[in-house]
Amino acid sequence: MDTMLKRRQFLRVTALAGGGLLVACGGGSSSSPSPTPPDSSNPDSAPGNGGDPAETFAVGEFLRISSDNSIRVLVGASEIGQGALTAIPMIVAEELDADWSRVTSAHSPVAAQFDNPYFGALQFTVASAATRGYFAAQRRAGAAVRHMLIAAAAERWNVEPSTLRTEKSFVIDDANQRSASYGDLAEAAAAQNVPINPPLKDPANYTIIGSTRQRLDAVRKTNGSEIYGMDVDIPGMLTAVIARPPRFFGQPQSVNSNAALAIPGVLEVFTIPSGVAVIANDFWSAEQGRKALEVSWNEALAGRTDSAQTRSNYQASLNLPGVPVRSDGAVLLAQAAASDVLSADYFFPFMAHAAMEPLNVTVDYTGSAAEIWTGSQSQTIDRLFAASILGLLPEQINFHTMTSGGGFGRRGNPLSDYVRDACHVAKTLQQPVKVIWTREDDMKGGYYRPAASVRVSAALDNNGTITAWTHRAVTQDVTSSLYFEEQLDTLAEMELPPLGELNDLETGMPYAIDNVHMDAHLTLIPQMPSLWMRSVNKFSDVFAQETFIDEIAHRYSRDPYHYRREMLGNNPRLLAVLDGVAQAANWGNPPAGRSQGIALIAHWQSYIAQVVEVSVTGDRELKVHRVVSAIDCGTAVNPDLVVAQVESGVIFALSSVLFGEIELRDGVVQQSNFDDYPVLRMHQTPQIDTVLMPSGDNPGGVGEIGVPAVGPALANAIFAATGEQIRELPLKNLNFVIA
Amino acid sequence: MAKLGFTLNGQPLEVDVDPSMPLLWLIRDELAMTGTKFGCGLGLCGACTVHLNGSPIRSCSFPVQAAAGQAITTIEGIASDSALHPVQQAWKELNVAQCGYCQSGQIMSAVALLASQPNPSDAEIDAAMAGNICRCGTYPRIRRAIHRAASLAAVQVFDPGTGTAVQQEVV
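Chains as they are written, first to last, in full-length UniProt numbering: chain F, 1 to 739; chain E, 1 to 171.
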């Protein structure tokens with residue numbers, strides 16, 4: 001494959017862009033079929049991904065309608081398993097009245113017109129924001145292009161546009177019994193004026209949105225042909241692994257590479273800021289070379305985080321006021337007047353994302369341009385950092401967003417750690433190179449869900465009514481590394497979302513309590529790389545909130561479901577899912593020998609309530625039998641994808657709650673692979689039932705909503721079974737035997 | 001380096017490699033077949049599962065030399081030219097894959113299970129699939145898809161013309 005050809009092709013295609021969503025529509029056509037043979041490393045022409053010989057027209061910047069009437073949608077969000085490359089094209093196809101059976105999709109280039117409107121000027125697939133972020137803009141775009149296709153047909157047939165209708169990628173003139181395909185009209189349509197405010201469909205007339213459609217990548221992900229970053233192969237490509245310090249941000253002091261270089265296939269060894277790179281012809285040689293490497297590390301400034309010490313520090317901080325994040329009424333007054341004030345403290349450890357595909361980046365840097373291939377949730381910032389390291393303008397880098405083998409936040413690092421590493425390697429090497437992380441590199445590589453302590457308290461009157469609620473969180477600021485001067489310089493041009501929002505501290509405590517005070521200590525630990533992980537601080541905050549509610553309910557002999565119900569009078573959507581899950585789970589009547597727990601959360605514009613059914617034997621064998629969820633995500637663009645995300649969230653949460661713990665001792669991570677960092681396996685997986693209760697509002701996020709309430713519902717079920725109050729995770733540390 | 005011969009997806013093959021290299025890296029790096037995935041390197045996650053004479057093995061921790069003279073099958077080798085394997089067909093129907101990275105290994109384990117037990121119970125599925133991790137949490141669908149594949153495979157009929165089983169269209 002000739003990489004230069006590909007680069008030119010890329011520039012030609014993006015040259016159509018003119019700022020603003022559809023402004024380039026008037027630009028006419030571009031014959032984009034590649035003169036190069038299909039390139040397996042380029043998602044744009046991956047197997048099953050197109051590469052059709054028909055002439056194509058860029059209608060708008062995100063949509064290609066081919067003369068054979070096939071439609072290709074370029075998506076600015078990243079496919080990390082959630083189905084973005086299916087759901088987002090469905091939105092466009094709906095308003096376009098497209099023939100869904102002829103729609104394909106691919107990752108877009110990194111360019112402003114593909115930014116997620118939710119974040120402003122960023123392509124950023126985090127915060128459950130892909131579908132809900134792009135929804136309105138994609139609808140408008142689809143409607144605008146449909147309008148232009150109709151205008152083109154009206155012009156051709158010399159009839160009024162209002163006499164025409166559209167169906168399955170055809171414009172139809174019923175009066176004169178004729179029709180024209182979108183492919184036929186595309187070139188003329190591109191010359192039409194772009195409507196500013198095209199009318200949108202009444203949701204009652206949706207035919208694609210709201211219907212379950214097979215994932216567009218379903219076949220490629222069952223026959224092994226989907227190309228992930230790990231699978232990228234370009235001519236002359238070498239493989240690198242990086243020896244990293246035992247403690248975060250240690251520096252290589254002296255390197256003896258003689259033995260490493262003696263390994264057949266090992267070509268070069270050199271240091272980069274984060275460690276020592278071993279370059280070889282293939283992975284196996286590189287890995288053998290790394291094992292033979294002798295490095296002494298300067299750890300004078302390295303991280304010395306110790307999990308036990310962190311816990312004790314955080315516990316102490318719980319006694320000090322934090323920065324208020326929500327304050328309603330007068331808590332102190334209510335506490336003084338209360339008949340009882342209860343409180344509880346919780347602790348949550350560091351956790352690793354442990355996506356199935358270990359991190360990897362391929363860089364082809366020639367000195368004057370570069371191509372990068374990697375699974376990324378944060379390609380805009382990744383490309384910016386790459387440009388600063390390689391001495392290029394961002395536009396000189398062709399960044400290929402690859403399908404990710406999982407992300408969970410780890411591939412959305414605003415510090416771009418793994419992309420920067422690879423760029424340092426490529427800059428020295430000036431030859432195509434894939435940097436591969438092993439599972440151990442990935443597990444020990446930092447950027448974990450940060451440890452957290454939480455204290456909640458409730459003031460109660462004689463009837464068990466909560467008159468005041470407090471919530472204090474102590475956790476590491478996952479954006480703290482951004483404060484370093486060097487990073488801020490690189491990001492100076494970026495419009496970042498508010499940093500506080502990125503930490504996503506819980507402020508949404510949903511119950512009708514007059515006096516509420518929530519505050520937080522966001523700690524700064526520069527040598528301890530932490531990062532958001534699926535559901536961020538909701539994981540710990542909601543665990544504390546929802547288990548404590550059960551403790552109070554129990555104390556006043558109230559049923560946990562009814563107790564919650566009474567406090568949700570002004571929250572009809574939460575009330576609906578709470579009632580929905582109680583009904584679906586047959587609340588109050590678990591099968592013999594089992595206990596139930598219930599919990600809920602509203603966030604990301606979605607609402608969920610979940611019931612977990614467990615049994616606990618006398619010798620503490622814990623079995624999770626069933627998890628039932630009721631979710632209102634507004635509009636379920638593809639209902640089966642929503643169900644899949646809830647199932648996914650439930651299982652992700654069970655892994656975290658039962659097993660999830662990264663332990664640091666004097667700065668050294670103790671876990672290394674799936675033997676000492678276990679995750680849920682099939683035989684531990686309960687029956688999972690999910691009830692969709694879409695209210696019809698705008699789509700809410702579903703990637704994370706299935707996670708936070710599972711832990712407290714499970715802990716509440718254990719509490720119901722045994723009377724034991726769960727105040728820390730994971731459960732494996734509490735002498736449960738996980739069946 | 002050593003010359004080793006074996007059969008890969010029905011084709012005889014001779015390679016000249018480090019005999020201690022894991023089979024996974026021969027398949028991925030030397031033979032450029034990337035459907036088989038690298039997940040953990042220690043046989044803990046199952047993403048690298050291939051068949052050795054029809055039985056599932058973890059190719060990431062299986063030295064190439066142990067494959068000499070044996071028949072290896074990868075995810076690329078289970079479909080016929082015209083049709084997905086019944087297990088792949090079931091995976092597709094039930095939208096099993098999310099990120100999809102573990103699914104080659106899951107499917108190879110499932111194909112081996114169904115070859116030895118054409119109509120497995122949930123407990124048999126759990127036992128056979130315990131070595132395959134999925135972080136997206138597709139386990140409930142995998143379980144259903146294996147049952148579905150069992151029923152798809154049950155309608156395969158013997159074609160006397162070719163002497164092989166032929167997949168029938170299921171309505």
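Keep in mind the hints are simulated off the structure, nothing from the lab. All figures in this text were calculated on a predicted structure; none of them were measured in a lab. Cβ coordinates follow ideal geometry from the N, Cα and C atoms, glycine included. Among the clues, some could well be false.
[What the hints assert, rightly or not] Just a few of them, taken from the derived set where beta-carbon distance is under 10 Å, the chain F residues facing chain E:
#: 1; residue: GLU79
#: 2; residue: ILE80
#: 3; residue: GLY81
#: 4; residue: SER211
#: 5; residue: ARG215
#: 6; residue: GLY265
#: 7; residue: GLU268
#: 8; residue: ASN281
#: 9; residue: PHE283
#: 10; residue: ALA302
#: 11; residue: ASP306
#: 12; residue: SER307
#: 13; residue: GLN309
#: 14; residue: ASP519
#: 15; residue: ILE651
#: 16; residue: THR685
Hints, one by one, checked against the model:
1. GLU79: holds, 8 Å
2. ILE80: F:ILE80 check passes; min Cβ-Cβ to chain E is 6 Å, inside 10 Å.
3. GLY81: Hint holds; F:GLY81 Cβ to chain E Cβ min 3 Å, cut 10 Å.
4. SER211: violated, 13 Å
5. ARG215: holds, 5 Å
6. GLY265: holds, 8 Å
7. GLU268: Result: violated, 18 Å to nearest chain E Cβ.
8. ASN281: holds, 8 Å
9. PHE283: At about 6 Å, which falls below the 10 Å cut-off, the nearest Cβ of chain E leaves the hint on F:PHE283 intact, so it holds.
10. ALA302: violated, 26 Å
11. ASP306: This interface hint is violated because 27 Å lies over the 10 Å limit.
12. SER307: violated, 23 Å
13. GLN309: This hint is violated: F:GLN309 lies away from chain E, its Cβ roughly 30 Å from the closest one there, beyond 10 Å.
14. ASP519: violated, 34 Å
15. ILE651: holds, 3 Å
16. THR685: At 4 Å from the nearest chain E Cβ, F:THR685 passes the 10 Å test, so the hint holds.
In this structure, the earlier hints numbered 4, 7, 10, 11, 12, 13 and 14 are contradicted, and the remaining ones agree with it.
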